[in-house]
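Colleague: Now for the letters of each chain:
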Amino acid sequence: DAGITQSPRHKVTETGTPVTLRCHQTENHRYMYWYRQDPGHGLRLIHYSYGVKDTDKGEVSDGYSVSRSKTEDFLLTLESATSSQTSVYFCAISEPGLAGGPNTGELFFGEGSRLTVL
Amino acid sequence: AQKITQTQPGMFVQEKEAVTLDCTYDTSDQSYGLFWYKQPSSGEMIFLIYQGSYDEQNATEGRYSLNFQKARKSANLVISASQLGDSAMYFCAMIPGQEGRRALTFGSGTRLQVQP
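Residue numbers (the working numbering), protein chains in the order written: chain A, 1 to 118; chain B, 1 to 116.
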């Protein structure tokens, strides 16, 4: 199993408070991702990173920021949490190659972090 | 932009029967990859199978096969001989094939329930 740990695994917070979720990997994969999972929407990409200090926005990035100061850590921050950010957050890592090549680019997922914003 | 569509929110199948989960995709890329993931009730995401856009043969992994019809832009998952442990959410996803900044785009998922 890929070495990915997310913390915290569960968090309840109040509207307007800052929240940081941490993703830590031991696989030395270049690519790291944050997705959120909501019923009826599947997994939607929030932000992703291609290396240290190299990040990009996904389709639902509003209200979120990320940082990657070390290869192994990818932090997701909600500066001021809102109830619409209640969700399950998944971190994922990959080391993608060209499609059809020996490295398919599959994602390895963490166990998820359930965030409730009251 | 890429889009994945899974039109079956829920499916039922009898144990030991085969089931097909539908997935259609939209992309302007010539090169891309298609994935299926399984999410049991425990919540973890499990990689099942991969198909590259240039692969001429359908991918197979044990009881899982991917029915890839490129002209129709479909990538249906076929599970043969369903087992109770197959009850889960199933997600179809795709990734652009060219090197560079790439991420998986997921469909909304299909919940499969296997009945004894």
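There could be a bad hint or two in this list.
Listed next, the stretches of chain A that the computed footprint assigns to chain B, with coverage defined by at least 3 CB atoms under 8 Å from CB atoms of chain B [what the hints assert, rightly or not]: (1) 32-41; (2) 65-77; (3) 109-116.
To be clear, the hints were calculated from the coordinates, so they are not data collected in a lab.
The C-beta atom is built at its ideal place from N, Cα and C for all residues, glycine as well.
Colleague: Does each hint hold? Answer for all of them.
Modeller: Do the hints match the structure? See the list:
For the segment 32-41 of chain A, the assignment as covered by chain B holds, since 4 residues bring a beta-carbon within under 8 Å of that chain's beta-carbons and 3 suffice. Here's how the segment 65-77 of chain A fares: 0 of its residues keep a CB closer than 8 Å to some CB of chain B, so the rule of at least three is not met and the hint is violated. With 3 residues having a beta carbon nearer than 8 Å to a beta carbon of chain B, the segment 109-116 of chain A meets the requirement of three or more and the stated coverage holds.
In summary, the structure is inconsistent with hint 2 from the numbered list given earlier, while agreeing with all the others.
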